[in-house]
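Engineer: Sequence:
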Amino acid sequence: MPAAPGTSKFQIELRRHLRGQNISDNLVHLICEIAEASKYVINAVRTGDLGVAGTSNLYGEEQLALDVLSDRIMRKRLIHSGVVCNIASEEMDEIYQAQASADGLYSVAYDPLDGSSLVDVNLAVGTIVSIYEGCDLLQPGRNQVAAMYILYGPRVSLVYTVGDGVHEFTMNNLMEFTLTRENIRMQEEGNIYAPGGLRNKYNDGDEKFIRHLEAKGCKLRYSGGFVPDINQVLMKGKGLFMYPALKGSPNGKLRVLFELNPMAFIIEHAGGAASNGHIPILDIVPESLDQRAPIYIGCKADVKVATDFLTESAQQPVAAASFVNG
Numbered sequence: 204m205p206a207a208p209g210t211s212k213f214q215i216e217l218r219r220h221l222r223g224q225n226i227s228d229n230l231v232h233l234i235c236e237i238a239e240a241s242k243y244v245i246n247a248v249r250t251g252d253l254g255v256a257g258t259s260n261l262y263g264e265e266q267l268a269l270d271v272l273s274d275r276i277m278r279k280r281l282i283h284s285g286v287v288c289n290i291a292s293e294e295m296d297e298i299y300q301a302q303a304s305a306d307g308l309y310s311v312a313y314d315p316l317d318g319s320s321l322v323d324v325n326l327a328v329g330t331i332v333s334i335y336e337g338c339d340l341l342q343p344g345r346n347q348v349a350a351m352y353i354l355y356g357p358r359v360s361l362v363y364t365v366g367d368g369v370h371e372f373t374m375n376n377l378m379e380f381t382l383t384r385e386n387i388r389m390q391e392e393g394n395i396y397a398p399g400g401l402r403n404k405y406n407d408g409d410e411k412f413i414r415h416l417e418a419k420g421c422k423l424r425y426s427g428g429f430v431p432d433i434n435q436v437l438m439k440g441k442g443l444f445m446y447p448a449l450k451g452s453p454n455g456k457l458r459v460l461f462e463l464n465p466m467a468f469i470i471e472h473a474g475g476a477a478s479n480g481h482i483p484i485l486d487i488v489p490e491s492l493d494q495r496a497p498i499y500i501g502c503k504a505d506v507k508v509a510t511d512f513l514t515e516s517a518q519q520p521v522a523a524a525s526f527v528n529g
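So in this note's numbering, the last spot in the sequence shown is 529, and the numbers never skip.
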């Protein structure tokens with residue numbers, strides 16, 4: 204029997220879905236404003252200049268024109284939303300105060316165009332967003348009230364959680380986000396893996412873990428973009444992404460505030476796990492905007508195996524030393 208008019212999941216638009224999530228009107232408004240901003244970002248991605256902007260961000264990385272434009276689009280929308288006090292962007296060197304008062308307002312950390320270097324070769328990129336109550340952005344990711352990402356691929360999809368399930372929306376021909384998957388869940392163990400970083404710079408524990416994945420027949424699926432790789436793991440419900448500590452880069456590459464916290468919040472609420480190899484990502488207390496950490500994120504069992512290999516590898520030199528001393 205066909206569904207009643209207006210009740211099919213493909214007819215549920217984002218704002219309507221958010222209003223059923225038992226969250227404040229301000230948070231509904233904020234998430235919808237970010238969704239609106241993404242429509243201008245995808246237009247910039249499709250039609251914008253691929254040249255270099257001629258500036259560098261806080262981390263010394265050359266900014267592409269699309270990075271700068273996407274950041275400007277997102278920041279302007281957040282400022283004019285009227286519900287945001289503090290804003291932190293991967294493209295800004297300090298926190299921007301939109302309003303002084305924190306009462307009923309939110310703080311937002313975002314990466315406006317993650318993977319922007321992939322645009323000129325026409326691979327998928329995305330926007331990542333983390334939302335906190337009040338004005339404090341430097342707090343554990345577990346305190347987030349919402350996290351979301353928008354993937355600009357063959358289709359534009361938006362994935363969000365406010366702590367009660369993880370839900371996917373797809374942009375239709377009218378540029379409206381309508382529900383396509385509700386309450387997405389991760390399986391306990393996966394069969395794909397996306398390993399970031401140069402393998403010849405892996406530590407022993409990570410190398411042993413990769414060999415373990417290869418031995419059990421896991422397929423390597425790595426695009427070089429954090430958003431599409433996480434999206435693949437989440438939508439298939441059975442995989443793992445990792446960007447470990449590297450020789451010479453003990454904290455890995457990805458930033459806690461802008462990338463790791465929001466993705467860890469989403470994956471955990473889908474039944475998965477995210478760790479830096481020692482503790483959950485969401486338990487890290489960030490001390491600065493540019494703080495980085497290794498990450499193992501995806502199916503719970505796979506993340507646990509990764510941390511077990513790291514723990515075992517860290518203990519081996521101690522055991523060897525004890526044997527010699529004995």
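Please note: incorrect hints may appear among the correct ones.
Stated by the list, open to error - Pairwise CB distance ranges, derived in the manner of DEER restraints:
#1 Gln518 / Thr373: 43 to 53 Å
#2 Glu297 / Pro453: 19 to 29 Å
#3 Ser227 / Asn403: 31 to 41 Å
#4 Arg345 / Gln518: 20 to 30 Å
#5 Asp296 / Cys235: 40 to 50 Å
#6 Glu385 / Gln519: 43 to 53 Å
#7 Lys242 / Lys404: 36 to 46 Å
#8 Ser516 / Ser304: 43 to 53 Å
#9 Thr514 / Gly368: 12 to 22 Å
#10 Gln518 / Lys279: 44 to 54 Å
What the hints assert, rightly or not - Cut-off 25 Å, straight-line C-alpha distance, at most; resulting in silico cross-link-like pairs (DMTMM-like, lysine to aspartate or glutamate):
#11 Lys439 / Asp339
#12 Lys411 / Glu385
#13 Lys242 / Glu385
#14 Lys441 / Glu379
#15 Lys439 / Glu385
#16 Lys456 / Asp407
#17 Lys450 / Glu490
#18 Lys404 / Glu385
#19 Lys450 / Glu391
#20 Lys441 / Glu490
#21 Lys503 / Glu385
#22 Lys404 / Glu391
#23 Lys439 / Glu490
Bear in mind the hints are in silico, worked out from the structure with no lab data behind them. Glycine included, each C-beta is placed from N, C-alpha and C at the ideal position.
Engineer: Hint numbers the structure violates, sorted upward?
Structural biologist: Violated: hints 3, 5, 9, 11, 12, 14, 18, 19, 20, 22 and 23.
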